[in-house]
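Novice: As a plain string of letters, each chain reads:
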Amino acid sequence: MMDEQEFVIDVHGISKSFGSKTVVKNLDMRVAKGEIYGFLGPNGSGKTTFIRMLCGLLKPDKGFGTCLGYDILKESDRIKPHVGYMSQKFSLYGDLTVRENLDFIARMYGLKKCRQAVDECIARMGLETFRNQLAGNLSGGWKQRLTLASCTLHSPKLLLLDEPTAGVDPGARRDFWDEVHKLAAEGITALISTHYMDEAERCHRLAYIAYGDLLASGTVAEMIENSGLATWSVSGKNLHDLSEKLRDMPGIQQVVAFGNTLHISGKDHAAMEKSILPYMSESFRWAKIQTNLEEVFIHLMQQVRNV
Amino acid sequence: MKSEFFSPGRFRAVVVKEFIQMRRDRLTFAMMIGIPLIQLILFGFAINSDPRHLPAVVLSADNSVFSRSVVTAMHNSSYFNVLRSVSSRAEAQQLLAEGEIQFVLTVPEQFGRRLIRGEKPVLLLEADATDPAASANAMTAFREIVSRSVYRELKGPLADLLPGEEPVTLRIHADYNPEGITQYNVVPGLMGVILTLTLVIITGLAITRESERGTMENLLSTPVKPIEVMIGKIFPYILVGYIQILLILTAAKLLFHIPMRGSLPLVFALSLLFIAANLTVGVTFSTVAKNQLQAMQMTIFFFLPSILLSGFMFPFRGMPEWAQYIGQILPLTHYLRIVRGILLKGNGLAQSWCHIWPILLFWGIVLTVGVKRYRRTLD
Ligand SMILES: Nc1ncnc2c1ncn2[C@@H]1O[C@H](COP(=O)(O)OP(=O)(O)OP(=O)(O)O)[C@@H](O)[C@H]1O
Ligand SMILES: [Mg+2]
Chain C
1 MMDEQEFVID VHGISKSFGS KTVVKNLDMR VAKGEIYGFL GPNGSGKTTF IRMLCGLLKP
61 DKGFGTCLGY DILKESDRIK PHVGYMSQKF SLYGDLTVRE NLDFIARMYG LKKCRQAVDE
121 CIARMGLETF RNQLAGNLSG GWKQRLTLAS CTLHSPKLLL LDEPTAGVDP GARRDFWDEV
181 HKLAAEGITA LISTHYMDEA ERCHRLAYIA YGDLLASGTV AEMIENSGLA TWSVSGKNLH
241 DLSEKLRDMP GIQQVVAFGN TLHISGKDHA AMEKSILPYM SESFRWAKIQ TNLEEVFIHL
301 MQQVRNV
Chain R
308 MKSEFFSPGR FRAVVVKEFI QMRRDRLTFA MMIGIPLIQL ILFGFAINSD PRHLPAVVLS
368 ADNSVFSRSV VTAMHNSSYF NVLRSVSSRA EAQQLLAEGE IQFVLTVPEQ FGRRLIRGEK
428 PVLLLEADAT DPAASANAMT AFREIVSRSV YRELKGPLAD LLPGEEPVTL RIHADYNPEG
488 ITQYNVVPGL MGVILTLTLV IITGLAITRE SERGTMENLL STPVKPIEVM IGKIFPYILV
548 GYIQILLILT AAKLLFHIPM RGSLPLVFAL SLLFIAANLT VGVTFSTVAK NQLQAMQMTI
608 FFFLPSILLS GFMFPFRGMP EWAQYIGQIL PLTHYLRIVR GILLKGNGLA QSWCHIWPIL
668 LFWGIVLTVG VKRYRRTLD
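Line by line, the protein sequences are chains C and R.
The opening residue of the first sequence carries number 1 in the working numbering; numbering runs sequentially from there.
The opening residue of the second sequence carries number 308 in the working numbering; numbering runs sequentially from there.
Any given hint might turn out to be false.
Said to hold, decoys possible - Only some residues are given here: those of chain R computed to face chain C with a beta carbon under 10 Å: (1) Ser314; (2) Gly316; (3) Arg317; (4) Arg319; (5) Ala320; (6) Val323; (7) Lys324; (8) Ile327; (9) Gln328; (10) Asp332; (11) Gly521; (12) Thr522; (13) Glu524; (14) Ser528; (15) Val531; (16) Lys532.
To be verified - 25 Å max Cα-Cα, derived SDA-like pairs, lysine to any residue: (17) Lys143/C <-> Val323/R; (18) Lys112/C <-> Ile327/R; (19) Lys157/C <-> Glu35/C; (20) Lys113/C <-> Glu325/R; (21) Lys59/C <-> Thr675/R; (22) Lys112/C <-> Ile534/R; (23) Lys59/C <-> Ser518/R; (24) Lys113/C <-> Ser314/R.
Said to hold, decoys possible - Beta-carbon label-pair distances, calculated as ranges: (25) Thr675/R <-> Glu294/C: 51 to 57 Å; (26) Asn226/C <-> Glu519/R: 40 to 46 Å; (27) Ala166/C <-> Ala630/R: 54 to 60 Å; (28) Leu611/R <-> Lys89/C: 35 to 41 Å.
No lab work stands behind these hints: they were computed from the structure.
Note that the structure is predicted; figures quoted are calculated from it, not measured.
Beta carbons: idealized from backbone N, C-alpha and C, even for Gly.
Make the full structure from the sequences, and use the hints.
Specialist: Structure (structure tokens):
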């Protein structure tokens, strides 16, 4: 028997249309407690829309399910106090200072020791120097950090983060992910949408959606395994010519340049090997390598386009 | 749980936030103070018209052919609409103070007999002259109406009374505003107009601004309730409304020497109702409008009938009936009467009540619509 508490997000058949356009189609998602769940997909695939439905900002047209054990359709008032939502677009008050913004949020969630909580949060996120600066005047990355601070202020049980690290420098991104892992160890669940592959690899599980459809989900290893892709890397001279020649050969689905190497991947292993055999000469060094996530995602996206 | 429906803490937080934002938005703040001053100067003049069918009652102690003839003639002149007779002076005074009627005609005892005897009895016409434009023409016409109707009745054996001087002594009292100074009427009215304009506009922008800047998304994801947001947004502007009232009343006293007969605390107390009603209209507009421009347009849509049909621009009774019906719905109409009543007539709470409940009703309806319309989701 499944324990209800085990799945923090447990929704089925969620659909949403804007006018005649269906943006999320019949989506199922289950996220277990303490899991960091990565949510990926091309632009306009419905990630933001789906996350908004989870925290009660949009009403699903169809579907049912629970979030933190509460019905997402009827009990969004009970869900909200335990969720930290970070919107894709900066949505704090630009004409309030960093401190005033955090104060406001703390009071919205009815925190007991407001001042203390805000001070701690400012210290933890390294916002001291900006404490009295208008939020609207912060740089993009610092705005992101402030938003992140504001949505963890009330110790939520579930984090819904919509592209939390867009425009954030690598150091701060690493800090952010370390923080998320620390929170996850404490039992906090996180659903995070992102376009960065390195971030996807730091998630426990992933879901990939394109144009409203859930195409794949699972751990990183499962996603790579299930894609059935094999990948070769090749290095040598005149790689550009080689890539032009290989691109339309049977069995070859992707040819991507990485500096001085090319990655060539495809699903039909036999056909691919036959295609590259003529070029296995002295001038090129070939090696069979592990397929990476990006290749899996691009492959998934190509499949949708071809349908 | 108590906090399920309304949390004072969250309400307070919204109020504080609005105050900070108001303080930082210099231009809006300047506008809130600037508009009253500019309008006060612009509306220093009044607009005249020739209203007819003004409601009147008769307090008659005489049932002679003469007194009946005068009443009929008044009615036929189309200036007066003689509603009925009243039996006591107190009743007549009450109707006049409430603004139910504009005129009281008092016919003394034995008017007819004394007229025949050539004693020149007194006919008293009392007018509510708070709005001088509304009553002036009727008052002028009254003299003519009386002498004609009396002459008509003086025929046959009474004809010898005819050619001499006036057979009746006319006394006309312009109550409340004896000199007929239009500013007396305009300036208290202006207070209502200014409050309507600035408060509806400013709050109209309040919620649309949140959705336009994207801050609504964050606000909606917190546990805050619609009523907390709405009342929290209204509250700081109540204070602004009072600053405006103070400004206008001071100007009224110093620049225009408006008499202030009634109680100022009562003006302040009843203004709260009017301010709250207008702010609620603004917030409700902004829950319907998709952006700030639409909210602005809706405000103007509300403001124009308010200024035109409330009796501020044109005497209320000079307007066609359909316009009067619309005017009756608007809070400004009633607020004007309350303020003019208190300041110029010295009315108290009892006489103001008949204009208080329509504002309350209006407020209740708009607030309900607003809370219902407040979107709890982004779509
Ligand atoms: N309020 C709305 N009204 C109409 N269409 C909308 C609305 N919100 C989103 N859409 C449409 O829904 C689709 C999915 O949008 P959504 O923002 O969910 O995508 P996304 O996966 O978050 O994209 P991105 O990676 O660019 O953030 C888009 O085509 C968008 O135009
Ligand atoms: Mg998005």
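Novice: Which hint numbers does the structure go against, in order from smallest to largest?
Specialist: none
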